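Enquirer: Given next are the chains, with one letter for each unit.
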Amino acid sequence: MAKSKEELFRELSESVVEMEEERTVKVAEEVVRQGEDAYEAIEKGLSHGMERAGQLFEEEEYFIPELLMCSDAMYAGLDVLKPHLKRTGEKKGRVVIGVIEGDTHDIGKNMVRIMLETGGFEVTDLGRDVPPRRFVDTAKEIDADIIALSTLMTTTMDGMGKVVKILEEEQIRAGFKVMVGGGPISPGFAKRIGADGYAVNAAEAVKVAKRLLEGVGGVQVVA
Amino acid sequence: MNALQRFAAMTKGEPLDRLPCVPIIGNTAARVIGVKVSAIRGDARLLADAQVAAYRRFGFDVIRVFTDLYVQAEAMGARVKVPEDETAYLDAPAITDIAEIDRLRPLNPSRDGLIPAHLEAMRRVADAVGGEVPVTGALCAPFTTASLLVGAEQLVRLTLKDPEAVHRLCRLALESCLAYADAIIEAGATPSLTDPMASATVISPRQFREFAFPYLKELIGHIHSRGRSVTLHICGRTSKIWEAMAEAGADCLSIDNEASLADAKVAVGERVRLMGNVRPSEVMLQGTPADVRRGVIDCVCVAHDSPKGYIVASGCSLPTETPFANIHAMMDAVREIGWPVRPEKLGGRT
Chain A
0 MAKSKEELFR ELSESVVEME EERTVKVAEE VVRQGEDAYE AIEKGLSHGM ERAGQLFEEE
60 EYFIPELLMC SDAMYAGLDV LKPHLKRTGE KKGRVVIGVI EGDTHDIGKN MVRIMLETGG
120 FEVTDLGRDV PPRRFVDTAK EIDADIIALS TLMTTTMDGM GKVVKILEEE QIRAGFKVMV
180 GGGPISPGFA KRIGADGYAV NAAEAVKVAK RLLEGVGGVQ VVA
Chain B
0 MNALQRFAAM TKGEPLDRLP CVPIIGNTAA RVIGVKVSAI RGDARLLADA QVAAYRRFGF
60 DVIRVFTDLY VQAEAMGARV KVPEDETAYL DAPAITDIAE IDRLRPLNPS RDGLIPAHLE
120 AMRRVADAVG GEVPVTGALC APFTTASLLV GAEQLVRLTL KDPEAVHRLC RLALESCLAY
180 ADAIIEAGAT PSLTDPMASA TVISPRQFRE FAFPYLKELI GHIHSRGRSV TLHICGRTSK
240 IWEAMAEAGA DCLSIDNEAS LADAKVAVGE RVRLMGNVRP SEVMLQGTPA DVRRGVIDCV
300 CVAHDSPKGY IVASGCSLPT ETPFANIHAM MDAVREIGWP VRPEKLGGRT
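Order-wise, the sequence lines are chains A and B. If you number the first sequence the way numbering that gives the first Met the number 0 does, the last residue is 222 and the count never jumps. If you number the second sequence the way numbering that gives the first Met the number 0 does, the last residue is 349 and the count never jumps.
One chain only, chain B, in its complex shape:
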């Protein structure tokens, strides 16, 4: 089975050859083609080559074109630092004071920043392997994008001091997200949502409802209207917002390793597909292949029978220097467990 067939079968409740598996690969893709991290960030051809090469090498089940969280905010005026061989990071938000909000415009996907390059990369990946594997493009959700526009600390203060201003920023971020989502779909890919600042590690579940939820819901509704299903990843603690994430319309929740996959299955497994949550740093980066195998088995034990389906995945994007051996070990463990999942394949555990 190829990845598209695997997901189609899972959705229909038909037999699989194995569970789908997604080590969430970001800049590790640069290592696969032996270039510096900064080389793939703005170069459509290299970015596409790296992602396709990583897919061919490891055989995972979703390709996600992603270099860092800042591409959209940068296209709207934020300043990003790009170290030669490490992941880019935010240097300065687009505005330093909320009073400057009128200076901000929604991004134009055909023109602003590196957006056109990322879109072209998605197009190239989709052309190359889109017939066998889902191709997605990372889309940083409205609340997190808003935090990158005005600065995270400033934004969270504003949630209490000036909620209206937060809504204006989120609305602006949403317009950018909608435009980018459309462009991603036109490029032949599916938007894959990430909203780390909306985590209950940062804001309260009540604030999530007020500031993240409405914009996620509108964005996901729009993507649905274009016939695509949506995976939503939120980092950190999320147990108190799973319900809301499902209600926002997400079809699949990507669960961070800070949260419990077992609890997620009980809470929202009837409504959404789950993916997660092998530890990216302790296990995938620093562990041995045997640790990875154990990490995979732990996850499969608790989540393989989740009613809407389960995808073995890392709890968050993998660190750039994650050893290839560990990514292979993750895929191998899933292949070996096979399908249907039986106790003897999990070392006697279920």
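In isolation and in its complexed conformation, chain A is listed as follows:
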């Protein structure tokens, strides 16, 4: 007997939390076979699982290795479901993300990208070691709403301020929200360089991004 879609979604969520990549793929295929809605499956299954993983991360039950394995499972499921997504008219928030020049630690940035994607954002990932200028150029190119900057090194923090400066120099500062995060970054630093948002970890980054899109004023800090 076919499983109910609720059951399938629950299983998707479960298999992501449990880091079971193969099972996630199998359940996603089952979703497709039964003709269930792919978007709903992503939202109530994969994203839901990733959110729970993020929760476990905040509670220090899960750490970076577990989160990466969950995201591997989530992406594997996403690959199955994506081709079956119906187009929707709803405009998603666009984000340009990257690790600032001089730093090649990208675990944190990757986690933020994953959480933003599962949170419904369209994310352009510039990777690591990205010069400030490229963030601005790409943001203009893809008409981004948010520029998200990450660094793990105290040695590269100045580059974040440079991104804001370039936006100001080109008089397009109002067109983009800038959010920052990473090990050495603090809310105070975010304020000082004129960023719009700061998040202490990947799960919080999604909340900050959503608030920024809603146009909430002041520096958005979730700490």
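Read the hints as simulated data drawn from the structure, not as lab findings. Here the structure is a predicted model, which means the values were calculated and not measured. Honestly, I wouldn't trust all of these hints.
Unchecked claim - Distance ranges between label pairs, derived from CB positions:
hint : chain 1 : residue 1 : chain 2 : residue 2 : range
1    : B       : G220      : A       : E6        : 52 to 58 Å
2    : A       : R51       : B       : R208      : 21 to 27 Å
3    : B       : R293      : A       : E59       : 42 to 48 Å
Quick reminder that beta carbons are idealized off the backbone N, C-alpha and C, glycines included.
Could you slot chain B onto chain A? The hints should help.
Expert: Using the frame of chain A, we list chain B on its own:
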């Protein structure tokens, strides 16, 4: 008192003139002698000159020869990018797939990469000022070195997918660390351990026990057998691994500003010396000298009476462009507080 006398007195429980103070200076040393950051990375003479000049200028209590975390991994085949005037960083790990692990060899300190240059720098520093101040050489611990050999993301995945492979890499990294530690000691310096990837910000305390702890313990045991004490720095959140860090044998824990010095004192102060944790970026880089002074007082308040001793220090390496005025302010605050530490010297706080 010079720094060596200060530490000797602290260990014996004798009176000091002031608490020891260590602004952890890396590439800021290049600024002291007015050269580009990349100039000191592979040049033994300049690296030594820069560190000695920084010591003479500020008068801190430990010299640590350090340019970046990647010198050992680079000597084992990792690719490092060296910007002209910024800290070097990892461009590509030594292998991209764990299947290539057999290509890796432990480093040979007398031959590989910039290791010989760094050793010579340590030797020069020790010759110049080793009679008055502890001279240390940064040693990137096995788990972190393993992460630089195969890539951090790959390594943390492997901790769950293929623990055996992680152990093989860590074993290889350990062999490199042991060889380098010996060479550092022969150069007249003391290895100073750093293991940022082993942080509980990255892996779980349980994984620390499994993958970082055994190799740290063996490495520290070896350094002890050569008559040296060991300082261990792990970045980020570490409260749940302090016990294990002490159990691995570390004599002094360097506490990051993400962790609480007050909690560390309670948890492991009876077993190990503590150092830390003035904020490197918010306070040391961006703050005013008054902010630095407050930051120092905050730390001294909570940790000055730590049973095994306390060293005022930055929570991590200082950013290259940390203003000299702030480093002076840190040293001045510690001098002014003096010893024994009294409430009136801390603005009435204890």
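Enquirer: Look at each hint and say if it fits the structure.
Expert: Evaluated hints:
1. Checking the proposed 52 to 58 Å range against B/G220 and A/E6 shows it holds: the Cβ atoms sit about 54 Å from each other.
2. Roughly 26 Å separates the CB atoms of A/R51 and B/R208, a value that falls within the hinted 21 to 27 Å.
3. Separated by about 30 Å at the C-beta atoms, B/R293 and A/E59 break the suggested range of 42 to 48 Å.
In summary, the structure is inconsistent with hint 3 from the numbered list given earlier, while agreeing with all the others.
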